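For chain A, the structure is supplied; the task is to place chains B and C on it using the hints.
Protein chains in written order, with numbering that gives the first Met the number 0: chain A, 0 to 291; chain B, 0 to 307; chain C, 0 to 442.
There could be a bad hint or two in this list.
Every beta carbon over 10 Å from chain A, so not counted as near; a handful from chain C, in silico [as the list claims (entries may be wrong)]: (1) 70; (2) 89; (3) 159; (4) 177; (5) 256; (6) 257; (7) 260; (8) 264; (9) 276; (10) 281; (11) 328; (12) 379; (13) 410.
Subject to a maximum C-alpha distance of 16 Å in a straight line, what follows is the list of computed EDC-like cross-link-like pairs (lysine to aspartate or glutamate) [unchecked claim]: (14) C:419 / C:339; (15) C:271 / C:432; (16) C:132 / C:157; (17) C:271 / C:283; (18) A:74 / C:99; (19) B:171 / C:291; (20) A:198 / A:186; (21) A:74 / A:62; (22) C:210 / C:226; (23) C:419 / C:291; (24) A:74 / C:388; (25) C:442 / B:78; (26) B:171 / C:289; (27) C:225 / C:277; (28) C:442 / B:77; (29) C:225 / C:283; (30) C:132 / C:107; (31) C:271 / C:257.
The hints are simulated quantities; they were obtained by calculation from the structure and are not laboratory data.
Owing to the predicted nature of the structure, the values given are computational and were not obtained by experimental measurement.
Note that the Cβ used here is the ideal one computed from N, Cα and C, for glycine as well.
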Amino acid sequence: MLPEFETEIEEPSAVAIESEEERRSRTGRIFSYAVMILIIVVILAPIIPIFIWAFSGRWFYPDLLPEEFSLRAIKYIFSPASKAAEAVLKGGSIALIATLLSLIVGIPAGRAIGLHDFRGKKLVLFLILAPVIVPGLSVLMGIHVAFIRFGLAGTVGGVTLAHLIATTPYVVMVMSSVFSNYDPEFEEQARTLGANVRKTFVHVTFPVIFPGVLVAGMFAFIISWGQYIVTLLISGGKVITVPLLLVNFASGADKPVTAALALLFLAPSIVIILITSKYLTGESAALGGFGA
Amino acid sequence: MEKSIPASGIISKTLRFEMFDELRERLHVPMLLLPAMVVIIVLFMGGLIMGLMQSFGYLPMIGKTDFNLNGYINILTDESFLQSLAVTSWIGFASTITATILAIVTALVLRQSMRGKRITTFIYQLNVPVPHIVGAIGIIFLFSQSGLLSRCTTQFGLTQAPADFPPMIYDKYSIGIIMEYVWKTMAFTGVILLAVLQGLGEDYEDVARTLGANGWQRLRYVIIPLLMPGILRSSILVFAFAFGAFEIPFLLGQRYPRALPVLSYEYYHDVDLGFRQEAMATSMIIAGLITILILIYMKLTETYVRSD
Amino acid sequence: MKRRLLLLLTLFVIAAFAIAACGGEPAAEEPAAEEPAAEEPAAEEPAAEEPAEEPMGEDLGLAAPLDGMSWEEVVAAADGMEVNWWMWGGSDTINAFVNEYMANELKEQYNITLNQVPVAGPTEFINQVLGEKDAGVDDAGAVDIMWINGENFRTMKEADLLYGPFAEVVPSGMHYDWTDASIANDFGYPVDGYEIPWSGAQVVLEYDTEKVEPLADMGALVEWVKENPGLFTYPAPPDFTGSVWVRMMCYYATGGYEQFLGPFNQELFDEKFPACWDLLNELEPFLWREGETYPEGQPANIDMFANGEVLYRMTYGPGDAQTRIDNGTYPETVRTFVLEDGTIANTNYISVAYNAANLPAAVVVANFIADPETQYQRVVQLKSLVPVDVTTLDADMAAKYASVELGPAVLGLDVLGPHKLPELSADWLVAIENGWIENVLQK
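For reference, chain A alone in the conformation it holds in the complex (with noise of 0.2 Å):
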């Protein structure tokens, strides 16, 4: 520490210094270069491959490539047979209702933490997390029993129930932090100019929320539609969702329809990221696509 100190001090061998740290500052960027191009290798490498694998035929070890592309494995996945559009529709609609259902109930328990200090807000808090926290299978074990009582096993409704445990704290993490930042004079002003609760919630509060809404919505939707293990326990195999046939064919024997699947249950996080890059970075982001 203290040679730096006192060259810093000292004037005459500036250009001795200048070299020191032109030197460490070019490693340190040659090193930033590096990392950032592992970054990308790293990030695409399993990703890669499964585009390769969706559009093969003949693809064997040690052959880099395809001895022969072909359509096969795509055509499969659009035919009756391999029951992929019943699971996207199955999977699109459960995960609709869960994202509907958890933004009725997490938008009003959003603006309540995010706005209000309350008597058991750390009790309230500590609930709203522990879903993400405690892992699935704990909680679905013990509630599958109560679901075949009844009727809800093995039923679209019984797993859109069990998704909202999923989905429901993520909604509510991401509007409380909007509503954080929220400013409810708005909403007085136009209550005081005779607006009423309807009027209020639909022409100045919404507007103001709806990019959060339409954040902690979609999330709502990912992590929905990529449940596995809670649609397998629930449904008992019965409702098929896009996991579910993905997982089925993961292990190997028909590496393309894998891949073609793994692409299709792929499909709606992409576009989802896409349209929400605009809407906002870090936290939310980062938490909303944890749960996928």
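Below, chains B and C without anything else, positioned relative to chain A:
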């Protein structure tokens, strides 16, 4: 934040509003919270509690009423459970530590303004919404002994046959599993840390630099403490996931010993249904362990966390 | 204005999805039709006909609640129903056959909607029916028919979870030789009309002609593995392929299967099977990954074989290799062989849940599955082994069967037939699987 009563109203209207508003005021927040709380308490806590009860063999709803500890005793004395516990702990800690370190490094690199930063950051974030299952499939395609990497090494003469390539999936060190978790959560943690760093700016470090601190010292005494809340928040989530998730060890793990969540699912689906209690006990232990470890972690890092 | 449009669009999309979701749910509302009198399809003569026994009105002899009904009445009752067939979903070729050929034919011929419910294993439907029985759901079960055999059949039959007897009286029943022990007994347990054959299976070994030669018998295989370490493995039991492989090695190690025919004998098991565990443990270090792990199921094993990670693969499906060659997942040089000391063969069946929500349709579908025409299509499209008794076929059908072109990688019935070994009763299976887990996997 209290809603203020408009002072500029007509007197009698103000009085009526006052009474009404007080009632609405009291109920306002609870009503807002009610729907979400109902969902979470009924489904989440309900499920957890029923799981707990079933682990003791007690669930009147389906006519089970003998309360006993057999489930727990059976698994805690079973070698395969203990081995699974060891494997799962290894996966949890190794993934979390590796992902956190890599996230710090990458966040530090990415916050500098350099050419290519924007595209790198974009690709970095691209990984976040990719589902874990897809990541696992990618890992299988790349790292299986007849996978892409192995084919590369054979093309370059480093290996001759699939068996020459080191096993990374279905292997006893769970390398594939750890890689998948690190791949996903490094970006997750990194994005959070990057946001924190960008929010903080370089001021603190400049001050430290003028005081004579070198790179390592700045890292240790300034940057890490500032990042600590973010590191804490994300590594808790990462660990909880790496320890308790089912999908990845199911796809990439070895046959024996298997990760705890997969073991508990195995018990749950045993043919004679004779292992239900053990299944519940296992999943309760998983949940309990995660909670305890997180509490310990939070206690240990209390000094670093500023109050939000 | 734009906002309103967006809102409308969103509502429309949601409505569309919601309709799709609700429409996709299996119709559990139609209870089994009890009274034949209630069914009066226009084409049929009125049931007011006096007991002049016409063949059309003949009582099939099915069990309640379909008792007293003729086949035509069952078919009429089944009209418009939806049948949930819970079956192993791990083969995309079988799935395609079920969802395309079979579903289309059932719709056209009987106006029945076939709904395949793919599951990873039989525990899923056993749990489902068991759970329903516990909860008192006796006529609206989510499971109509199941692809089943072995210990799972016995478990369900003993727990009264199956509908029957039906198999010998339905029209297709006459095309199976119920005096053949491998058909009348399912892993040593009497079928008794509670299940009808769906497919046959026999273990064959796949190999790549470019890399290795067929092996003569189990002894030769053991030697080969020792001389070529790391190039052979088998899926871990209780995967059914891994399980049958362990059983075959045990037949070899214990000196033959004959001593184990008949009910399970614990003493005999304890006395003889250690020889098998010894052999498997001895072999372990020479297996893939030095035996430290075994592939979880067939898909991983298939992939390893296709890429040369292992050089032989065992499978219950003699036609599998050809199917994979055809769809590009196996190299074209793959062929199959059987061991001279024989390979295990068995029959797979279809059974009906006791509480099937769509009972008449379930029986019609089960019959359709066993119909020789359907079975013939199986041979053509899936290169399957089928248990049909060709001597019961009429001339045309017999000719069709005789002229099927299978493909170079499929062994003919003339090769497979003489090399059949029987399965042991289900209790032996469970004991062997658990024995393997305890004595080989966990060591």
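Checked hints:
1. 70: 30 Å, holds
2. 89: 7 Å, violated
3. 159: Residue 159 of chain C is indeed farther than 10 Å from all Cβ atoms of chain A, at 19 Å.
4. 177: 33 Å, holds
5. 256: About 30 Å separates residue 256 of chain C from the closest Cβ of chain A, which puts it past 10 Å; holds.
6. 257: 35 Å, holds
7. 260: Given a closest Cβ separation of 34 Å, the condition holds.
8. 264: 36 Å, holds
9. 276: 27 Å, holds
10. 281: The claim holds: residue 281 of chain C sits with its nearest Cβ about 28 Å from chain A, beyond 10 Å.
11. 328: About 6 Å separates residue 328 of chain C from the closest Cβ of chain A, which leaves it inside 10 Å; violated.
12. 379: Label holds. Min Cβ-Cβ 16 Å, cutoff 10 Å.
13. 410: 21 Å, holds
14. C:419 / C:339: 10 Å, holds
15. C:271 / C:432: Measuring from Cα to Cα gives roughly 15 Å; hence the hint holds.
16. C:132 / C:157: 13 Å, holds
17. C:271 / C:283: Roughly 20 Å separates the two Cα atoms, so the pair is violated.
18. A:74 / C:99: Given that 16 Å is the threshold and the Cα spacing comes to 14 Å, the pair holds.
19. B:171 / C:291: Satisfied, since the Cα-Cα distance of roughly 8 Å is no more than 16 Å.
20. A:198 / A:186: Holds, because 10 Å separates the two Cα atoms, which is no more than 16 Å.
21. A:74 / A:62: 24 Å, violated
22. C:210 / C:226: 15 Å, holds
23. C:419 / C:291: 32 Å, violated
24. A:74 / C:388: 37 Å, violated
25. C:442 / B:78: 11 Å, holds
26. B:171 / C:289: 12 Å, holds
27. C:225 / C:277: 15 Å, holds
28. C:442 / B:77: 14 Å, holds
29. C:225 / C:283: 10 Å, holds
30. C:132 / C:107: Not satisfied, since the Cα-Cα distance of roughly 33 Å exceeds 16 Å.
31. C:271 / C:257: 13 Å, holds
This entry does not satisfy hints 2, 11, 17, 21, 23, 24, 30, going by the numbered hints stated previously.
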